[in-house]
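Keeping their order, the protein sequence lines are chains Z and X.
So the first sequence is numbered by numbering that gives the first Met the number 0: it starts at 0 and just counts up by one.
So the second sequence is numbered by numbering that gives the first Met the number 0: it starts at 0 and just counts up by one.
Some clues are possibly wrong.
In silico negatives: residues of chain X with every beta carbon more than 12 Å from chain Z [what the hints assert, rightly or not]:
| # | residue |
| --- | --- |
| 1 | E109 |
| 2 | G136 |
| 3 | N183 |
| 4 | L197 |
With a Cα cut of at most 20 Å, we get these calculated EDC-like pairs of lysine to aspartate or glutamate [unchecked claim]:
| # | chain 1 | residue 1 | chain 2 | residue 2 |
| --- | --- | --- | --- | --- |
| 5 | X | K167 | X | E209 |
| 6 | X | K94 | X | E154 |
| 7 | Z | K90 | X | E154 |
| 8 | Z | K90 | X | E190 |
| 9 | Z | K150 | Z | D295 |
| 10 | X | K214 | X | E134 |
To give an idea of the interface, some chain X residues facing chain Z are shown, with a C-beta separation under 7 Å as derived from the structure [stated by the list, open to error]:
| # | residue |
| --- | --- |
| 11 | E190 |
| 12 | L192 |
| 13 | V194 |
| 14 | A213 |
What the hints contain is simulated information worked out from the structure, not anything from laboratory work.
Think of the CB as a built atom: it goes at the ideal place given N, C-alpha and C, for glycine as much as any other residue.
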Amino acid sequence: MNDIRTIALITGVLALLTAVTGVGQFLKRHPDRGLDPAAVRTFNLRIRGWWVLCTVLAAAFWLGTTATVVLFGLVSFWALREFITLTPTRKGDHRALFWVFFAFTPLHYLLVGLNRYDIFSVFLPVYATLFVLARVAFAGDYKRFLERTAKIQAGLVVCVYCLSFAPALLQIPIEGTAGGGRSENFRLLFFLILLVQFADCMQYVWSRMLGRRLVAAHVSSNRTWEGLLGSATSTALLAAALWWAAPPFQPWQAALAGLVVATMGFAGGMTMSAIKRDRGVKDYGTLVVGHGGVLDRIDSICFAAPVFYHITLLVTGARL
Amino acid sequence: MLSPADLTEYVASRVPLESASGQKAGRSAFCRAAGLSLAALARLLAGASVRWIASQPDTCQRIYFANHTSHLDALVIWASLPQPVREVTRPVAAKDYWSRGIVRRWLAQEVFDAILIDRTAIKVHQSPVDLMLREAGTTHSLIVFPEGSRSVTGEVDEFKSGLYYLAKKRPDIELIPVHIDNLNRVLPRGEFLPVPMLSCISFGPPLWLERGEAKLDFLARARRAVLSLKE
């Protein structure tokens with residue numbers, strides 16, 4: 000990892016984090032600035048979250064591809080836990096769920112780790128779906144059959160399948176070299192996570208500053224069209240400015256990727272809001288008191304990862 | 000109310016001393032390690048978040064009473080207690096379940112030192128209450144499920160009278176209501192493989208049997224105390 004671009008990226012991120020931490024602490028020490036103390040607290044919590052995120056990612060990247068795949072597998076597992084806990088299931092779903100958690104999820108990540116794109120791209124959406132349908136039928140409870148199986152399938156696709164495209168970025172051969180797992184790949188994955196986080200923030204900032212038209216008032220009271228546009232534009236600009244960090248991209252390709260990532264992330268947030276509204280909770284974390292709410296943190300990246308993955312495939316022209 | 004000195008005297012007069020020391024002293028280091036890892040595993044698998052509402056963990060003698068939803072209940076409540084409290088806490092569990100098979104019997108006897116109740120032999124004159132109090136002695140806390148068996152509907156059933164007699168015979172022991180949420184989805188009735196849902200264990204403020212309180216009133220109040228922890 001000792002090439003100049005990686006070092007530049009790490010230095011830049013560290014400098015940025017240190018700077019926002021400084022700002023956050025300053026605001027905390029000076030409550031007389033007329034800012035909402037709750038907003039400052041949220042801001043500081045967010046910053047602490049980023050430090051944790053960066054530390055965990057740095058450790059996983061340092062340990063290598065396998066460790067990173069395992070890390071994302073664990074995050075998927077936990078997110079799926081939150082998703083299924085939130086979803087009303089019936090006793091007839093129990094055995095299907097057992098296999099979903101302890102067989103399909105680990106196997107899928109194993110296939111990702113082995114770089115078997117040909118299998119892992121259909122494993123969950125096709126085989127797991129067929130299994131869940133059949134297993135629930137075998138369990139003998141036909142009440143609201145499609146509704147129940149669809150919930151399990153939605154959980155699998157969003158929490159496991161989609162998220163796994165993020166570590167799968169590590170396997171894409173870049174710049175004509177065979178195989179992945181090089182520092183370029185890690186930079187690419189970090190680039191995606193950075194864009195998603197940035198897009199989330201920008202969405203919030205633009206919605207607060209210019210937000211007029213809510214996308215869907217009943218689903219989310221703070222996501223506006225202005226927020227979406229502003230976030231997509233700012234993220235595209237950041238991506239273009241950072242194109243050197245994301246190996247296969249030209250500046251305009253990076254900008255396009257940023258635009259798509261921001262839009263997909265926004266869509267992910269909206270989707271999860273809709274599910275939460277339906278279940279009458281605000282955060283996945285408050286569902287069971289004391290849990291952090293992993294799903295709240297990863298909803299955007301779940302939606303953005305598969306599209307970013309395929310854009311990268313297109314750009315590199317790699318055949319898997 | 001009794002003063003602390005009264006209590007000591009009362010306890011000393013009621014409980015035979017030899018049972019107080021218990022079998023714990025003989026537990027091997029292996030069983031202790033097994034207990035620690037089992038507690039960690041149970042908390043991880045049941046995704047249990049633990050809340051103490053107007054209540055604090057303490058090694059003083061207590062009876063934890065909870066709604067009964069799953070075979071995992073006793074294990075997870077036990078695992079949710081801090082380690083020093085866990086050391087002095089013994090779950091009261093069904094003999095027909097926990098003495099079946101080598102592993103379960105070993106866990107029940109050696110690891111969490113359960114008091115096993117033969118549910119088929121409960122008679123008016125052979126109440127398990129005396130057995131529980133004898134096994135608890137003056138040091139151990141108990142985990143009991145006053146519904147008597149796992150709820151079928153998912154609602155909290157009416158409490159059986161055992162809790163009342165426990166409270167009546169040992170008015171010095173704090174009764175702590177415990178609410179178990181979502182554990183029945185981790186391991187429902189009739190299943191043997193768990194699904195790792197997230198569950199929540201809430202401990203509430205202690206209550207005692209009031210002077211002259213009728214049995215049914217007390218049982219209803221205790222049940223409400225458990226239900227109130229559900230939010």
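Now for the hints, and whether the structure bears them out:
1. E109: holds, 28 Å
2. G136: holds, 33 Å
3. N183: violated, 9 Å
4. L197: Since the minimum Cβ distance to chain Z is about 4 Å, X:L197 lies within 12 Å and the statement is violated.
5. X:K167 x X:E209: Cα-Cα ~9 Å, so holds.
6. X:K94 x X:E154: violated, 24 Å
7. Z:K90 x X:E154: With Cα atoms ~15 Å apart, Z:K90 and X:E154 stay inside 20 Å; holds.
8. Z:K90 x X:E190: holds, 9 Å
9. Z:K150 x Z:D295: With a Cα-Cα distance of about 18 Å, the restraint between Z:K150 and Z:D295 holds, given a limit of 20 Å.
10. X:K214 x X:E134: violated, 24 Å
11. E190: Constraint on X:E190 satisfied, holds at 5 Å.
12. L192: holds, 5 Å
13. V194: holds, 4 Å
14. A213: violated, 35 Å
In summary, the numbered hints that this structure violates are 3, 4, 6, 10 and 14.
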